[in-house]
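So you can see what is in the structure, the chains are spelled out below.
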Amino acid sequence: MPTLETTFAGIKCLNPFWLASAPPTNCGEQIMRAFDAGWGGAVWKTIGAPVTNVSSRYSSIDWAGQKMMGFNNIELISDRPTQTNLDEIAEVKRRYPKNVVIASLMVESNRESWHDIVKRAEDAGSDGLELNFGCPHGMSERGMGSAVGQVPEYCQQITEWVKEVARTPVIVKLTPNISDIRIPARAAKRAKADAVSAINTINSITGINLDTLEPNPMVDGKSSHGGYCGPAVKPIALNMVQQVNSDYVDGDPVPMSGIGGIGTWQDAAEFILLGAGTVQVCTAAMHYGYRIVEDMGDGLLSWMRKKGYETINDFRGLSLPNVREWKNLNLNYRVVAEIHADKCIGCQLCYTACWDGAHQCIHMDRTEGNVITFAGTDPRYAMHQANPHGMPTPDQRFAKSKSTISTTPIPKLDLDGLGELGPYATPLNRIPRVDEDECVGCNLCSLVCPVPDCITMERRDDPSITPNTWAERVAAGATPSGVPHENHGNPNHQ
Amino acid sequence: MSEPTSFYAQSPTPGDVSARFPDLHPAFEQTAAIAEAHRCLYCFDAPCMTACPTHIDVPKFIKKIATGNLEGSAKTILDANILGASCSRACPVDVLCEGACVMHRYNKQPIEIGRLQRFAMDALHESGAPLPFTPGADTGKRVALIGGGPASLACAAELRRRGITADIYDARPLPGGLNTYGIAEYKLPLAESLREIDLLSQLGVTFHFNTLVDAAKLAELEASYDAVFLGMGLGAIHKLGLTGEDMPGVTNALDYIAGYKSGEIATAPPKVAVIGAGNTAIDAANAAVRLGATEVTMVYRRGPEQMSAFSFEYEHAKQEGVKFLWHVVTAGLEGSDKLEALKLAKLETTADGSLVPQQGSEFTLPVDLIVLAIGQATHTEFLSGDKVKLERGRILIDRATGQTSNPKYFAGGDCTNGGREVVDAVADGKRAGIGIAAALEAN
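Those protein sequence lines, which keep their order, are chains A and B. Numbering (our numbering) for the first sequence: 5 to 498. Numbering (our numbering) for the second sequence: 35 to 477.
I should point out that these hints are in silico values taken from the structure, not numbers from a laboratory. None of the values given here were measured: they were computed from a predicted structure. Don't take each hint at face value.
Short, incomplete list of chain B residues facing chain A, as computed with Cβ under 8 Å [unchecked claim]:
#1 Asp79
#2 Pro87
#3 His89
#4 Val129
#5 Arg139
#6 Lys352
C-beta: ideal position from N, C-alpha, C; glycine also.
Same shape as in the complex, but just chain A (with noise of 0.2 Å):
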């Protein structure tokens, strides 16, 4: 049977699920409902000098009827007392021996302070320390937060003081706010943290209220830029875990707990799937409550009895390989859209989308007798002018559907029997046809599909050719490599 225990920097953890460091995380009294519900770590919210928030924080971007795709905060780190905090872990900790508290900590910037806080978090119990460098909002402007997360000496300074007296793990978080992720994490790793977790909230204003032509979140008429996170950053969260996981200058990588956008098992999975240990949880548990972690880890479990994981290290970081650059993408692997004329419900999403957003190579005329057939030329090479079959544009066959002459069908005269409704099947005329020859294997169409499987890319290159890449041709001489230098002068393009 497969486990979801693991440990994670030296610290034994139940399961991979943790709650960010955030209003979930603000109290004892909360932490120990989350334990209850299943949750396997909290870092506590925030410790510092405490502060006065403002009054709103929050504010979100629905999106198709979906609350809160992405979300958004103003809140500072912790407005408690730092001893009620710490008192409150001490209590957390006896009676949850094995549940994982991490405190988060952010102090001034200097010695002093961060070795005092992190004696005192220590002596309360956590298991951990977090280094809060990521908070972009308010706590950036007094010198902390992302303002030491953006610098990588005080990133590494920083870090170092804390590492001259910790006795636990130290995770330095990091900010998303930043040109390349992994400097940051470079600095970290110069300090001998022991691990990172990222992302942090994006820089973000979520919307303007179109009545009062004030932002959100909105305090006396007026906002400031937040930390963006919820679903909506999860794609960006996942390629910054990749570029932190796949960077070996300034040693290995360190352990990493994931961050951004997480809220079901398939987001645990591939966050772990891209290199993190951990992953932490803020804006599906503010939306849902505590309770969500159930699924989380049933759903995990049951993918891991089917794919034969027995552990979180099984199939920890296998999809780090299968990320690459550009530049070693095979050009010689091509594939081409098929719909599956079974399944299509006659929507007509893929030929719009084909038409006005890729390479118009769908069209509707299975009823028009057009004898069309395949070259087998891969339109990257056989290039053609747009439309080379004229087929008519989206336009001209919306106004033909216009002009036509319908009639409301009578039971009797029009329609079989007893006024049955339907007939259901797709109409012949409104099954799409891909031109093969013209796709370039985009993708789009599939994604646009609303029914599953009913467009899926077929595989149409010679597996005879071997593959090549980008690079090979440049090193093979056969086409040119197009800069003057490397990187030019770019970090991202390492």
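Following the hints, position chain B against chain A.
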């Protein structure tokens, strides 16, 4: 002449009648409408749009509901169908837009297009905003429209938007024809039909009420207008041809429905029989139930397989408690000063397919009222001579332009199609309005 007062304010429907005919398809609450709008896939060249006789761009108006642009949503609807509010309630959407919805093949739950359309139109009416169209610059051209029903109204709107004078001549005291007087109140309240016409009237349509157009009047109109649109619909409901048909207790479905909608009929006697099995027959039978009849029977010469009502109308009647006598013919009316019973006979099919009464199968059904709903005659007597070409009493038109065999005459609606839906009449009127404008411009 143009009515300065609101038609809506003149609605004669009594409150207690309205209360007995609550909406069959209730309005959407805003949250429900937005959730439903988000369910729409936004098909391209959508089959719902093609299925709609007026080709309302359904995905477009639904997405506008989803984005909160209700004004734009109503404008999208009205641009294609000036009676979009009536149609949202009266249309048999199961065989039109909703029947064509691709969601039947996705999760078996078509988008509730009719209710969403009503939501957008109700929002426009409640906002008090003006009709989002203005009359075109005056061309000096003038068109007379015979009949004030959906076909003429739709035609008049197209004419006015193109700067052509539109004068409607109608026999009734209020506009809308069957849209106002002939649709079951639980589908389309009389007042709602009038409210929509108030909005349309902002284009400057002129109404001449209580004006029956006969051959002489038609000649006068033909001489003084540039074109004539024939949108007078059908004529009276057929009679059974039996002795006693004039006695009290015998009526027809159109008079019955118009009667209760305009407040002239407030109650039904205990036993009512409806002869016929079309959609109008079902509306009349359901009305009798709502008005207090305790036993309502529909009598039809054939079986349920041959009835001309939509299947959902049949289901609705069964739910209302209407009973059905299939394969039965009315052989006689019994009663002295008023109707007391129907003499009925069972029918059987002979070898050649004709229906004949079964020997000795006669029986009596005691009734207080019968409502005839066995189809309407045509109403074309005033088109004397060869004014326009007819086929089985229907005016022949070019479907794309509404033009008749006489280039000065155009036509649309029930008088051309033998009796279909409101939306079909609107589509006919719209095409004819555009056709007339094109013809007048070409002259």
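For each hint, the structure was consulted:
1. Asp79: 5 Å, holds
2. Pro87: This hint holds: proline 87/B lies near chain A, its Cβ roughly 5 Å from the closest one there, short of 8 Å.
3. His89: 5 Å, holds
4. Val129: 5 Å, holds
5. Arg139: Arginine 139/B check passes; min Cβ-Cβ to chain A is 4 Å, inside 8 Å.
6. Lys352: 13 Å, violated
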